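Number of protein chains: 2
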Amino acid sequence: MQAPWVTFRPELKVLDCTIRDGGLINNHQFDTDLVKAVYQTCVEAGLDYMEIGYRNSKRLFPKEKFGAFRHSDEEDIRRITGDHDEAATGLRLAVMADAGKSDWKTDILPRSQSVVGMVRVACYVDQIPEAVEMIHDAHEKGYETSCNLMAISTLQHAEIDQALQSVAETPVDVIAVVDSFGSLYREQIDILVGKFLEVAKATGKQVGIHAHNNQQLAFANTIDAIILGANRLDATMAGLGRGAGNCPMELLVGFLRNPKFKKRAIWKLLQDHFVALRQRMEWGPLVPYIITGQHNEHPRAAIEVLAGPNRDKYVEFYDRIVGE
Amino acid sequence: MQAPWVTFRPELKVLDCTIRDGGLINNHQFDTDLVKAVYQTCVEAGLDYMEIGYRNSKRLFPKEKFGAFRHSDEEDIRRITGDHDEAATGLRLAVMADAGKSDWKTDILPRSQSVVGMVRVACYVDQIPEAVEMIHDAHEKGYETSCNLMAISTLQHAEIDQALQSVAETPVDVIAVVDSFGSLYREQIDILVGKFLEVAKATGKQVGIHAHNNQQLAFANTIDAIILGANRLDATMAGLGRGAGNCPMELLVGFLRNPKFKKRAIWKLLQDHFVALRQRMEWGPLVPYIITGQHNEHPRAAIEVLAGPNRDKYVEFYDRIVGE
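One line per chain: the protein sequences are B and X, in this order.
Quick note on my numbering: the first sequence kicks off at 739 and runs consecutively.
Quick note on my numbering: the second sequence kicks off at 739 and runs consecutively.
Derived by calculation from the structure, the hints in this document are not laboratory data.
Mixed in with the good hints, there may be bad ones.
As the list makes no split between identical chains, a pair holds if one copy fits it or if it spans any two.
[Said to hold, decoys possible] Only pairs whose alpha carbons sit at most 30 Å apart, straight line, appear in this in silico DSSO-like list of lysine-lysine:
{"#": "1", "residue 1": "1051", "residue 2": "774"}
{"#": "2", "residue 1": "1051", "residue 2": "1000"}
{"#": "3", "residue 1": "843", "residue 2": "774"}
{"#": "4", "residue 1": "1006", "residue 2": "879"}
{"#": "5", "residue 1": "801", "residue 2": "751"}
{"#": "6", "residue 1": "1001", "residue 2": "839"}
{"#": "7", "residue 1": "1051", "residue 2": "751"}
{"#": "8", "residue 1": "998", "residue 2": "939"}
{"#": "9", "residue 1": "998", "residue 2": "1051"}
{"#": "10", "residue 1": "1051", "residue 2": "1006"}
{"#": "11", "residue 1": "1006", "residue 2": "751"}
{"#": "12", "residue 1": "1006", "residue 2": "839"}
{"#": "13", "residue 1": "1051", "residue 2": "1001"}
These figures come from a predicted structure and were not determined experimentally.
Hey, can you work out the whole structure from these sequences and the hints?
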């Protein structure tokens, strides 16, 4: 399972979640051209998965306000991918369904009617019972599945153990550590990924990692998870993602030595689309995101302050977060 | 020597090299106000060292072209620090002297005539003989000393071993791993810091780390070095430094748990000075710096391309670096 770092583990797979996670910045109001370019880049760069969006509820996220990839209807995905050919492209499409926010019973079609091959179930620890139902449902409909346990940095280890136990009994394929707040250091990644790996090894599942970049540690924590044995890695182009963003794909693919991954396609995407995108959207480890990450808080307060006239008042923001 | 990560190692010391390393971007043409603010912040944040500049040659770096802190004359330092009181402030001032670029015999005064307490000798591996002379000279003049072996990612391990052997025989206090190109991954840091620690333990010296941020790994690699046992850490305010910049002080101090370090002073500096500085100077892990880091090259080519009309032509730059 381990490999010397100058070689590679063939079982290690990379998932692009640029549009899904980035859409949390702009309510998924992306131009079709950009989504197509990301899809094409995933194919050309040899990535294993593209999570194209959420499959969340149109009642909770109305079409007037939210773009297509908050719901990822089949026809909207096909508008980007055509009749996506998994075997020919080597790329599997994924959608994310949030516990508590998805009409999954009706909105997730049988896999034979979908271009999607994987359903990722995201949940907070108190939503584990619904997540278990969602995993069973998606598995029975024919999908590969994952369980992404969010905001893990806020949980007691006893809670994590119980959550893992519940999920271990399901047919879920991947269990993923999600550092939603970008607050974890290497020593904590070691402990958490270690816990997940124990369960995964006993049940034949794989461990995933989804890191946020508040402390410029998303890439480093992903490397740490790889060294420990995690084989499912999330990253985004230019690190695009809510708040501080995610593990940048261009860094991850530079580190991985599997010759099937092609960096050049990613540089082309960044050059042709992301230089311009940076003018319209803001993400990355800005000071307010560092501060929420250091104090293990949701980036909400940082997002708010950055949208207003006090965006550069770091001391005031720090005092507020630490409650001085 | 090791400490659980929720506590701290009192022997671990932090050095700010904002002005010294940042000055490589602008030929050390900093406003006096900024240098004063960084100095004041080092004192207020409880940092252990401030490397205020180079003590390099006025023949090689003429006064007409280079600012005061390329040479760090005593009167220029005193203009910032007054009669700096090490004991009262807890801060020791340092200067860096480059082998091959410093008139160290004449320009480094006896310590009794200087506000500086430490001389850091920077060298490439082929300059070790001069570095050894410089260390002896500075030591005899009364200074704490370090040897910073630059561009270590380009060296064979046999070269490193020989360099370490030469330096081990000197009275140097600190031997530092310098990832000049920002190309090292954790596995390589493990090997290099391990080598340095072996020599350090046998000779009663300390190991330092100076990381560059091309791959967003400067902070993570510094954490790795801390975990291994390095006790002398370089960082800069907002990561200011040549090319991709350095390990950001605001992240490092967030990680360290020694209560003497105060983050609030750093947020104030970033707010009052660095928001504006970002409008005048550019640094950070931009794509061309990522590319030179990934390919273990000096950032020179990236600096050049970023200064010209092709700064966003990533594919062309990548092709050039990989020689396609």
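To see whether the hints hold, each was checked on the structure:
| no. | hint | verdict |
| --- | --- | --- |
| 1 | 1051 <-> 774 | between (38 Å within a copy, 21 Å between copies) |
| 2 | 1051 <-> 1000 | between (41 Å within a copy, 17 Å between copies) |
| 3 | 843 <-> 774 | within (28 Å within a copy, 63 Å between copies) |
| 4 | 1006 <-> 879 | neither (37 Å within a copy, 55 Å between copies) |
| 5 | 801 <-> 751 | neither (33 Å within a copy, 55 Å between copies) |
| 6 | 1001 <-> 839 | neither (35 Å within a copy, 38 Å between copies) |
| 7 | 1051 <-> 751 | between (41 Å within a copy, 29 Å between copies) |
| 8 | 998 <-> 939 | within (26 Å within a copy, 43 Å between copies) |
| 9 | 998 <-> 1051 | between (45 Å within a copy, 24 Å between copies) |
| 10 | 1051 <-> 1006 | between (36 Å within a copy, 8 Å between copies) |
| 11 | 1006 <-> 751 | within (22 Å within a copy, 42 Å between copies) |
| 12 | 1006 <-> 839 | neither (35 Å within a copy, 40 Å between copies) |
| 13 | 1051 <-> 1001 | between (38 Å within a copy, 14 Å between copies) |
Going down the numbered hints, you'll see the structure goes against 4, 5, 6 and 12, while the others check out.
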